[in-house]
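Chains A and B are the protein sequences, given in the same order. In terms of this note's numbering, the first sequence has 288 at position 207, counting the first letter as 1, and numbering is strictly consecutive. In terms of this note's numbering, the second sequence has 131 at position 125, counting the first letter as 1, and numbering is strictly consecutive.
Derived by calculation from the structure, the hints in this document are not laboratory data. For glycine and all other residues, C-beta sits at the position ideal for the given N, C-alpha and C. Hints may be right or wrong, so weigh each one.
Simulated restraints, written as ranges between beta carbons of each label pair [what the hints assert, rightly or not]:
1) D38/B <-> V378/A: 29 to 35 angstroms
2) S152/A <-> L92/B: 14 to 20 angstroms
3) E104/B <-> E169/A: 46 to 52 angstroms
4) E181/B <-> L156/A: 42 to 48 angstroms
5) E104/B <-> P280/A: 46 to 52 angstroms
In silico BS3-like links for lysine-lysine, alpha-carbon gap of 25 angstroms or less [as the list claims (entries may be wrong)]:
6) K100/B <-> K120/A
7) K180/B <-> K236/A
8) K111/A <-> K87/A
9) K100/B <-> K236/A
10) K100/B <-> K119/A
11) K66/B <-> K180/B
12) K100/B <-> K233/A
13) K319/A <-> K111/A
14) K100/B <-> K66/B
The residues making up each chain are set out below.
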Amino acid sequence: MAWTRKHLLDLEELSAAEIVEILDTAASFKEVSGRSVKKVPALRGRVVVNLFFESSTRTSNSFALSAQRLSADTLSFTSSGSSVSKGETLIDTAKNIEAMGVDAFVIRHSAPGAPHLLARHTGCSVINAGDGCHEHPTQGLLDIFTIREHFKREKSEPEKALKGLTVSILGDIRHSRVARSNAHGLRKLGARVILAGPPTLVPAAIGQALGVEVSHDIDYVLKESDVFNCLRIQFERKAGRFFPGVREYAAIYGLNEERMKKAKPEAIIMHPGPINRGIEITPELADGTRSVILHQVENGMAVRMAVLYLCVGANN
Amino acid sequence: MAKTKTAARGKPEKQLHDAAWIAKQVDAFSKDILAQGLVDRAMVVGIRRRGAELARRVCKQIGAASKLKVPYGALNITLYRDDMSLRGPTLREKSGTEIEGPVDNRVIYLIDDVLFTGRTIRAAMDLLMDFGRPGAVRLYEIVDRGGRELPIQPDRVAERLSVPLADRVEVRLKEVDGQEGVFVVVGGMR
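With the rest of the complex left out, here is chain A:
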C-alpha cells in the first residue's frame, strides 16, 4: 500500500493495513541498528525536533537516535529553561521553531490532543510521543511489533495478524496512554485484549469505550493470556490514591514467579518502562526468560525509524 499520512497522532485513526505497513517497514529497518555503520541516508537534510513537555528517557532518546540513524538533523527542546516558562503558548513555540526550517515535531505533552492541535497549526509532520492519558502510538506499535515478531505472525493478513492471541494489559489502565494505543492497535489486528487490575484503576467504562474485555480477576487473566503487558503505576498522576497501599497492590495484582506458574508456559511478559521493580512486577520476572522487555526497547528503534521515514517522507 502507499503511505500517505504525514502525521502519526494516534492508533485509533489507523487501519489494520496502515499499522502493518509501519510494522513491515520497521522489520526491514531493524538490521540497520546491528551494522557497524548505523546510519542510512534516507532523511538526509531533514530536521526532526523533539518537543518534550514531559520527562522521558526511552522515548526521547529513541526518537533522537532513530532520526540520527536516518541521517536527519535533530534538535531537542525541553520545556524547562525555555520560553514556555515565560508563558509562551505551545503553538507560538512550535511556529517559532518551525520558522527556523524544520520538518517534523515529535511531541510529548501532558494535555491530551496537544499533538492534534499542533498538526492543525504547522506545516510539519507531527508524531505523538505521548499526550496525557490519551495515546502513545509508537509505544503501542513497538509492543505490537514485539508480539507479532515473537509469535511469528509477519506473514498474516493485517486484520488477522494477531488472531488467536490474548494480550492482557495489567495495572494502571486509568492513567495509561500506552494501554489505549495498545488496545486500539491490538484489536485492529485481531487480538483479544483484556484490561486487568483493581477496579479503581480499570473502570468498566474504559473497556466499553475501547471495545475490549475488562477483568479484575488475576487468576482468570493468568490462565487466558499469551502476553502480559505490565504497566507502571503512575504515581506522578496520583495513581497511588486508587489503592490502599503499594504492598497490597503487589500482593494482589503484581506479577511474581509463584503467580506465573499458573500462566501458559509460552506466555511472555512485556513492560513499557520505567519499571517500579517489586510493585507491578518482581525483578526476577522482569529479568527472566519470559521477559521481552529489552527486545521492546530494541524494536522501538526500528519502529520509530519507520514512523519518521514514512511520515516525513510523505510530507513533501
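Since the structure of chain A is already known, use the hints to place chain B on it.
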C-alpha cells in the same frame, strides 16, 4: 515471439525469453565468476527482490560446480533511494538487508535483473560501502535496456535491448512473480 496480454494490468506485453534462457544466463554468470579465479574472495550479492533471487541461484550454481561456499548477500536499497520526494516513502521490499560476513576486501559480484537509469546501482553501491570496503564491485545484469541517467555500466550483461522509454522491461522469476521469463510491457512505465 509470443504476444500475450496481462489481464491484471491491461497493457499489451511480449515475451522475449523463457525460463530456460534465464537458467542459461545464471549458469553463464556462475561460470564467468569461477573463471575469474577469485572465488575464495568472492561474494555474490543481489538487489532485492529479483536480483537477490538471481544471486541466490548463482551462489547455488557456483557451490554445485566447485564445492565452494560463496557468501551471499541481499540488499534492500529503500533507505538509499534518491526518489523519495517523487514517489513518497512507500516500501517496495519487505525484507531487510542481509550480508553473510564482512565485505572488506571481497570481490562483490552485484547481480541485478534490469539495468535502466543506474540509480538503483548507485544506491546499492552506497549501501555496500556502509558495510565496509570491498576489494572490487562487479556489476552483472540480465538485461541492459539503456536509458542511463548516471555514468554506470555493467561488467557483464546477458542481453542489451533498445526499447522506448515508455515501455517497461521485466525479468520475472517464479519465486517473486509466479512465472519466469523476460517481458516487455508496452507503455508499462505509465
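- prompt: Does K119/A lie within 25 angstroms of K100/B when you go C-alpha to C-alpha?
  reply: Satisfied, since the Cα-Cα distance of roughly 19 angstroms is no more than 25 angstroms.
message: Between the beta carbons of S152/A and L92/B, is the distance compatible with 14 to 20 angstroms?
response: holds (19 angstroms)
- prompt: Is it true that the C-beta distance of E104/B to E169/A lies inside 46 to 52 angstroms, as the hint says?
  reply: Hint holds: Cβ distance 48 angstroms, inside 46 to 52 angstroms.
query: Is the Cα-Cα distance between K100/B and K66/B 25 angstroms or less?
result: holds (23 angstroms)
field: P280/A and E104/B - C-beta distance against the hinted 46 to 52 angstroms
entry: Given about 49 angstroms between the Cβ atoms, the range holds.
message: What's the verdict on K319/A and K111/A, does the C-alpha distance respect the 25 angstroms limit or exceed it?
response: violated (37 angstroms)
message: Hint check: K100/B vs K233/A, CA-CA at most 25 angstroms. Holds or violated?
response: Measuring from Cα to Cα gives roughly 15 angstroms; hence the hint holds.
- prompt: Given the hint that K100/B pairs with K236/A, does the C-alpha gap stay at or below 25 angstroms?
  reply: Roughly 10 angstroms between the alpha carbons, so the hint for K100/B and K236/A holds.
- request: Measure nothing beyond the straight line between the CA atoms of K111/A and K87/A; if it is 25 angstroms or shorter, mark the hint as holding.
  value: Holds, because 22 angstroms separates the two Cα atoms, which is no more than 25 angstroms.
Hint consistency between K66/B and K180/B [alpha-carbon to alpha-carbon, up to 25 angstroms]: holds (17 angstroms)
message: Tell me if the beta carbons of D38/B and V378/A are separated by a distance inside 29 to 35 angstroms.
response: Roughly 46 angstroms apart at Cβ, these two residues miss the hinted range, so it is violated.
Hinted pair K100/B and K120/A, Cα distance within 25 angstroms: Since the Cα atoms of K100/B and K120/A sit roughly 19 angstroms apart, the hinted pair holds (cutoff 25 angstroms).
In this structure, the earlier hints numbered 1, 13 are contradicted, and the remaining ones agree with it.
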